[in-house]
Amino acid sequence: MSKISRRDLLQYIGAGGIGAVGGVLYSESIERDVELIIPQVVPPEDYSPGIATWYNTVCNQCSAGCGISVRIREGKAKKIEGNPVHPVSQGRLCARGQSGLNVLYNPDRIREPLTNAGQRGTGNFYPISWDEVLTTIASRIGRLKIENNASRVRLLTGRVRGHLDELFAQFMGLLGSDHYQQYDFTYPSALKAANKISFGIDQLPYYDIKNADLLLSFGADYLGTWISPVHHSLAYGHMRQGRAGRRGKTVQVEPRMSLSGAAADEWVAARPGTEGLLALGIAHILVSDGHYNGSDRDQWSDVLQAYSPSAVSAETDISEGNIRQLAREFGTSKAALAIAGGATTAGTNAVASAVAVNALNHLAGNLGQPGGIIFNSDQAFSATPGTRQAGMQGILDLVEAMEAGEVDVLLVHDSNPIFSLPDGVGFRQALDKVPLIVALSSFRDETTEQADLILPTNTYLESWGDDVPDPGVGFPVASISQPVVTTLYDTLPVGDIILSLARQIGGELPMAMPWRTMEEFVKERWREEYAMRESGGADQDFEAFWQAALEAGVWGQPGVMTGDQIVPSSSSTIAAITNPASQFAGSETDYPLVLHPYLSASLLDGRGANLPWLQELPDPLTSVVYGSWAELNPATAEDLGIREGDVLEVETPAGSVKVPALIFPALRPGVVAMPIGQGHTSYGRYARNRGANPMDLVSMQIDDRSGDLAWAATRARVRNTGERLQIIKTDGITRTLGRQILGPENDHA
Amino acid sequence: MFDHGQPSYAEVNKDILSVMLETGPRYWMLLGTTMSVAVIFFFMPWFYQLIVGVGAAGMNRNAYWGTYLSNFIFWIGLSHSGTLLSAILHITNSPWRKSVYRSAEAMTLFSLMTAALFVMVHLGRVWFVHWSFPIPNQMGLWPNFRSPLMFDVMAITTYLTASSIFIYMGSVPDFAAVRDASTGTRRRLYTIFSFGWRGTAREWHTLGWAYTFFAVFVIPLAVSVHSIVSWDFALSIVPGLHHTIFAPYFVCGAIYSGTAGIVTVMYCLRKFLNFERYIGQVHLDNLGKLLLALSLIWSYINMLELFSSWYGGSSFELEALKFKLTGFYAPLYWEMILFCAFVPLLMFFRKFRWSWNKMLLISILINIGMLTERFIIVATSQPRKFLPNAFGFYFPSWIEISITIGSFAIFATLFLIFIKWVPAISIYEVKETLKPLRRDA
Amino acid sequence: MKWGSDLSTLVEKFRQYLKPGYYDEFDYHWTMTIDLDRCTGCEACVVACQAENNLPIVGEKRYARNREIKWIRIERYWEGEYPDVKMGFIPMLCQHCDDAPCEIACPVFATYHNQDGLNTQIYNRCIGTRTCAVYCPYEVRYFNWFTYTWDEPLEQQLNPDVTVREKGVMEKCTFCIQRIRLAKDNAKDDDRRRVRDGEVVPACVQSCPTEAMAFGDSNDPEAKVSKMMKDPRAYTVLEELNTTPSIVYLKKAHAES
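Residue numbers (the numbering used here), protein chains in the order written: chain L, 1 to 749; chain X, 1 to 441; chain G, 1 to 257.
Treat the hints as calculated values from the structure; they're not laboratory data. Please note: incorrect hints may appear among the correct ones.
[Stated by the list, open to error] Pulled a few chain L residues facing chain G out of the computed Cβ check, cut under 10 Å:
no.	residue
1	L9
2	Y12
3	G50
4	N102
5	P229
6	S260
7	A430
The beta-carbon is built from N, C-alpha and C at its ideal position, and this holds for glycine as well.
Model the full assembly from the supplied sequences, consistent with the hints where possible.
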């Protein structure tokens, strides 16, 4: 290196120095935003900083309708707890309910109305103003109405109850269209159909698990996903250790151990699809061994004759001794209760199985009794609690109509049939024939992605409404849903959207539906209810009542009912007892395994997949996060030469998916189980392109008595692709290795 | 003692000081290389980790301690080289230590510094490391002296201080020699460094006394330092770590590792600095015998450990033992046994003890084995604690491997700087081994 | 005389210092009982804790490297083989051991036993040596390997009563100390000296749908937890390690045949 002269050195220093000074001056000259030292000199009016307020509303993460209490600090929702005075949740809440905050503050919420500008299915959406979008839709619908073609407008929603349901019905009715359907994958169609047959009721009864001594569950994951998990968990806890000297016993009949199966004292892995038969076998013994002594004993005996223990044992693959023991326990228990759900009510013999379980309850004599089936009185509102479930047949009718070009405008709210239904339904393709698809939704799920216009709705934490829980709790109850924070984005509550549309469409609609907002509507309806019940109640009294109802979040009339339970006769059940075998799609030779999809305890039917807390939550039984998997019994896996982490191609007559294998000890051999919930192709950053959707594998089997999809009636085969994929689990070794972690060992049986 | 005939006093000075006074391009290239490797492999990944968080390394909720801590222990272990050679052999009056002890002491110092660096890398919030020192502060908080890590802090600081003073003090006459052989700035610098040493009898006497005092002081210090470091592990209740044998095990392992390190350094000094005359076969032979003895002790302690784990029958211990011997890291474990217990047995044979190349290989294998041993301790005990559901797995990340490599480069850099600033062989002690010149020769 | 009394004071102080937790008696002794016969493993407690205590969203990649942060987790244990296979759940969270191995480990006193029997973690004192986590036999301590961020607007949900931790800091269950403090403040304002049983409810206990968890002051003989502790099914996990945890589990009962 050549020497630097002193002069050069000085020049370099000078240049560097000037450069440095210049840089400093430049950076100082950039104007920064004035920083507020005391940002809240003028305090906001709607909250006191540092003081928390609690607002009661209703959770919408499943259809149980638990009341919740939301803690608000500085106008932001911080924590959701169960509402202590709400009879369904009683201050408790499940993991999904707690994750509601992820719904409200989800980064992928739709923040303003969007239009696809004619590029349907590309995923490109552009902002559009509320005025424009409402005008477009109103004019389209209005025109159809004038032409008397309003039946070309169809509304498909998720499970909606309460007065929002009435609003939808009124809106469609006034238009002149009777095409208002609901589709919710978790809707217990078979159970309701069976209850209609057996007990003549439309609503679900109250299953009094709390006071039962023996709970025999056929596939119903009552602690995880069946109907009302929080309430059932409360009941379960009480049944176990809440009564001095009395501990309830639970038995779970299902091919794959669910959360309820893990809690049960006995897990019975009957052959898939034969659970109903097992129920009939138990019923047979109850009658033949003299546990049942009702007057209709002979009729029972006749109809149950064919279901002898030996015949049933052969079909169900449960030993005769085991069946007899179950029957003996059921028959001698002081308060025995049988319930059905899950895969038992998702085969092609779903309704028959549920009827068989109802038979057990008849024979246990628990109808209308504590610890048994308690019939709910009439609901608080005259609006029926959601019997609009379209079922598979209804959806197929809709698809047919769309294909035939009979649908001009399809409004979709809170329902994702493209994801929840098998591809064989053809929903996605049928949408191509519909000129205008409008989605009323908070998130861009698969169905919303197909929309032409997206109207972003408020989440349940920002909406007014009300709910009547189904199942009820044995007495009239109505919950109020109120916003706990101000609306975050440029969204509207769905009720407000309908009311705006009604106003713009004109005609008799605005007169029949004069309310400006959902709040007004709900309050009006409650005022009418109040006037009816407290006949002559003055307005000030109503205002006081309304404030009290808002503060409590719920209204109920405990003490009304239980007394006058009318026990239905058994004749309808007896007449309805059959035992069709479940028809599985695919032959046993081609597809040697049975596919057992099950609702994920965290993601449910896929609606929770966009919530990071739920994706992060280890699956309760397998501890897997952020993915999906296919479970195999250790023996089955060994036979097929499959290790955990091998990527399997699971193939059914309907399709195939690739998922990693997981070895699960509590699974019947010959069954491959997959959780439902992952496999989204849209729906936000946490859900997108993650895992596989077992609904892609389900064949189009329908239970003709309920009209709904039999999603547990498909056979499958697996093939090891040779690839490997890490299954992300939090579990290390799931054996105690003699370390007495679950308690000191003693000499129990 | 001397392979090629006895040098004269002047030749001793010239040979040893020439390393300091003459520097060729090869040195600069070597220094440049080690510094670059240190920066690229150690400092840059470390800075990345400082920005991103300790998560850049491979530790997880099953193994919170990883290679940073096992390397820390390895380097502390390596630091016992100087202590042994300098202090212990000084007390026992071994003549053959005289040419090798200065470099050994330097190794001690630099190993300690590298180890201290590893502590910094290991910490989650290293900018608060000063909180672990008992410095009066406005928070009114004092560190927790019941914590084994505090014992570490105290012990290593003491050891570092004592070793620095020890090596400095022992080098004072040699600094004087440098002063006398140099001119200009260097002369002025070394005048300061040598405290104006004149070489009077009184000064020699004081030096001898002080040196012996420190030697006696440093020996228990070294034993306690590595015992204390082992108690980082042994005071936990983690199965596989909670053994009373850990203190002797680690001390023995440290001395073992350190001595092997000396062999490696000796080879390098001899080869690169032309010190063949001063470091001969007899040194190698003695070091070899020492290594052999230490390896036998080490093997014995290992067997004891295995035996007591098995004999105790505790489910926790047996599970940890099973994972160590047959789990994922079993190949590493057996490699360690091979390198540290079996390979050194070759030194029973003179052929091995007297061959430079063979001894270099053996010493490097021993140190690889010892590095592995520290890693095994960390990686196979933590993932097998008490609750089986929490069992897991630990695998080091690229940053950790890079930093490990970089640490050797840092050590090499420090050593390269050392040989230019301090005479690598003790001039006056070597002269003590020379037969006194006959007055009439 | 003076020497003697000074010495006895010193001896007294030294003995105090030696006692685990440094206290003779606890003011409150916060204890939790978990009834495994009620626990169904539903993990409502896990999400409740995440919401209350600003636990980060760790993400898939980091989960794959075993870096989850869940102050309460459900441990699963299988017993037996198909078809006689059973699963047992046990929620595992910081046991707030009175003889905690982690408390002696921390070189800077970032974790110590306070006068309420809680094993507390002082975030801004932690320098991240992670010794406490290695020493913990229950593996209930979690480290912030990175500074976690929330995708906007998820951070709007963060609880203002709880610190958001930065990288390099250890964290673990605190028995919702913010709620304990609030209850104690309220009790003081109310001129009551003691917090009543049931006034303090950690997030996990509050959410548990089966009412499996109970929380209270075991110094109060009338408290629910004191009664639960006397149940014959009561036990503590890893009892043989003598950590004296403050969480008492009730073994799952068995059905009479």
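To see whether the hints hold, each was checked on the structure:
The restraint placing L9(L) at the interface with chain G is violated, with a minimum CB-CB distance near 43 Å, outside the 10 Å limit. With a cut of 10 Å, the hint placing Y12(L) at the interface with chain G is violated, because the nearest CB-to-CB distance is about 40 Å. For G50(L), the shortest C-beta to C-beta distance to chain G is roughly 8 Å, which falls under 10 Å, so the interface hint holds. Look at N102(L): its Cβ gets to within about 7 Å of chain G, closer than 10 Å, so that hint holds up.
Hint status for P229(L): holds, given a least beta-carbon distance of 7 Å to chain G, under 10 Å. For the restraint placing S260(L) at the interface with chain G, the shortest Cβ-Cβ distance is roughly 8 Å, inside the 10 Å limit, so the hint holds. With a least beta-carbon distance of about 35 Å to chain G, the hint placing A430(L) at the interface is violated under the 10 Å criterion.
Of the numbered hints given earlier, the model fails hints 1, 2 and 7; all others are met.
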